[in-house]
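Novice: Turn these sequences into a full structure, and let the hints steer you where they fit.
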Amino acid sequence: MAAYIVLFLCGLMFSLGLGISGMTQPEKVIGFLDFVGNWDPSLMLVLLGAVITYFIAQRFILVRETSVLGDKFQLPTRMDIDPQLVVGAAMFGTGWGMVGFCPGPALTSCITGTTEVLEFVIAMSLGMYLFGALHLRYSREPDGGASPLDHPNTAGAQTSARSA
Amino acid sequence: MENFTPVASLVGGVLIGLAGAAMLFFNARIAGISGIYGGLLNAKKGDTLWRAVFIAGLLSGGLILSLFQPQMLEFEMNRTTGAIIVAGLLVGFGARLGNGCTSGHGVCGIGRLAPRSIVAAITFIITGSITAIVINHFFGGSI
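From first to last, the protein sequence lines stand for chains A and B. At position 79 of the first sequence the residue is numbered 79 (our numbering), and the sequence of numbers has no breaks. At position 62 of the second sequence the residue is numbered 62 (our numbering), and the sequence of numbers has no breaks.
Keep in mind the hints are simulated off the structure, nothing from the lab. Incorrect hints may appear among the rest.
Said to hold, decoys possible - Going by beta-carbon spacing under 7 Å, a handful of chain A positions derived as facing chain B:
(1) G11
(2) L16
(3) S21
(4) V51
(5) L69
(6) T77
(7) V86
(8) M124
To be verified - Using C-beta positions, here's what the derived DEER-type ranges look like:
(9) B:A56 x A:L118: 40 to 50 Å
(10) A:L134 x B:I130: 43 to 53 Å
(11) A:R64 x B:G141: 25 to 35 Å
(12) A:E65 x B:P70: 39 to 49 Å
(13) A:M1 x B:T80: 44 to 54 Å
(14) A:R78 x B:I126: 15 to 25 Å
(15) A:G113 x B:K44: 25 to 35 Å
(16) A:T66 x B:F138: 49 to 59 Å
(17) A:L48 x B:L67: 23 to 33 Å
(18) A:I5 x B:P70: 24 to 34 Å
(19) B:L63 x A:M44: 26 to 36 Å
(20) B:G141 x A:E65: 44 to 54 Å
(21) B:P70 x A:M44: 20 to 30 Å
Cβ coordinates follow ideal geometry from the N, Cα and C atoms, glycine included.
Specialist: Quick look at the structure:
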């Protein structure tokens with residue numbers, strides 16, 4: 001039960017961070033991506049704030065054998081750069097640059113019921129579902145990639161143990 | 001640069017990083033939104049509840065924002081329905097194909113110095129910039 005309460009709060013804190021940072025305003029995202037025009041560097045600070053915080057935290061967290069709730073760390077295990085990674089990221093970037101929404105902020109904004117957000121979330125969900133249905137490379141790996149810094153205790157941890 | 005919001009963006013970014021770190025610290029999981037949400041859409045038995053709970057938290061955050069800071073969820077967009085749908089399909093399919101989005105690769109992956117995530121994030125920032133620049137400067141800012 002504790003695991004679910006924490007997960008709920010993590011999701012909640014994540015979306016509050018997205019809202020406060022300006023990620024839920026697509027014009028700010030596009031204002032950052034279009035550095036040729038009237039550049040808005042805000043998103044660089046979002047990224048820096050998030051990455052530095054996460055970087056420092058994970059250095060202390062990943063020396064543990066398990067998480068606080070006793071789960072084995074479920075980290076990505078792949079290190080190779082394959083074409084799917086680059087093509088997928090390029091498709092993602094193109095869509096992101098077209099409207100300024102990525103998955104987290106779009107889901108956070110769903111509650112407003114704005115037509116644009118709903119259209120985007122439905123299309124995004126369909127895109128994700130199609131990928132899974134086509135079994136192109138439907139891995140159960142968490143997002144991201146493995147790191148050479150990953151602790152031997154955590155690197156390649158399997159997805160079996162959990163108390164969630 | 002008149003739209004620059006350094007303090008709010010930094011504070012929001014730190015909150016995002018803390019949320020991701022808390023998920024690793026307590027739940028041993030990576031806070032990758034597209035992976036968590038995508039796994040719900042192609043559901044596998046016994047692997048859905050934790051995903052649903054996280055997404056419920058995310059949506060509840062949206063509710064809190066809409067009640068207390070509604071301007072944070074307000075925006076203006078000059079995009080046709082067709083463009084929005086194409087963009088949504090690209091974002092959804094691309095995030096799953098590339099095994100991550102701005103959160104999984106951009107925050108958690110770069111935060112662990114994972115080479116795959118660094119390559120993915122550089123790729124989506126470059127392609128996103130090219131797309132935004134082309135739309136703003138060759139199509140007059142609306143498609």
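Novice: For each hint, tell me whether it holds in the structure or not.
Specialist: Hint check:
1. Hint status for A:G11 relative to chain B: holds, with the closest Cβ pair at about 3 Å, below 7 Å.
2. With a cut of 7 Å, the hint placing A:L16 at the interface with chain B holds, because the nearest CB-to-CB distance is about 5 Å.
3. Hint on A:S21 holds. Least Cβ distance to chain B is approximately 2 Å, under the 7 Å limit.
4. Evaluation of the A:V51 hint against chain B yields a held restraint, the C-beta minimum of about 5 Å falling below 7 Å.
5. Nearest Cβ of chain B to the Cβ of A:L69: about 5 Å, under the 7 Å cut. The hint holds.
6. This hint is violated: A:T77 has a C-beta 10 Å from the nearest C-beta of chain B, more than the 7 Å allowed.
7. At about 6 Å, the closest approach between the beta carbon of A:V86 and any beta carbon in chain B falls short of 7 Å, and the interface hint on this residue holds.
8. Satisfaction of the interface hint for A:M124 is found here, the shortest Cβ-Cβ separation to chain B being roughly 4 Å, below the 7 Å cut-off.
9. At about 18 Å, the beta-carbon gap between B:A56 and A:L118 misses the expected band of 40 to 50 Å.
10. The hint said 43 to 53 Å for the Cβ distance between A:L134 and B:I130, and at roughly 27 Å that hint is violated.
11. Checked against the hint of 25 to 35 Å, the C-beta distance between A:R64 and B:G141 comes to roughly 49 Å, which is inconsistent with it.
12. At roughly 44 Å, the beta carbons of A:E65 and B:P70 sit within the given window of 39 to 49 Å.
13. At roughly 46 Å, the beta carbons of A:M1 and B:T80 sit within the given window of 44 to 54 Å.
14. Look at A:R78 against B:I126: about 22 Å separates their beta carbons, and that is inside 15 to 25 Å.
15. One distance hint, 25 to 35 Å for the beta-carbon pair A:G113 and B:K44, holds here, with the actual separation near 30 Å.
16. At about 53 Å, the beta-carbon gap between A:T66 and B:F138 stays in the expected band of 49 to 59 Å.
17. Taking 23 to 33 Å as the suggested C-beta distance range, the pair A:L48 and B:L67 conforms, at roughly 29 Å.
18. Against the hinted window of 24 to 34 Å, the Cβ-Cβ separation of A:I5 and B:P70 comes to about 27 Å, which satisfies the hint.
19. Checked against the given bound of 26 to 36 Å, the beta carbons of B:L63 and A:M44, roughly 29 Å apart, stay inside it.
20. For the hinted restraint 44 to 54 Å between B:G141 and A:E65, the CB-CB distance of approximately 53 Å keeps it satisfied.
21. The supplied range of 20 to 30 Å is met by B:P70 and A:M44, whose beta-carbon atoms lie about 26 Å from each other.
Going down the numbered hints, you'll see the structure goes against 6, 9, 10 and 11, while the others check out.
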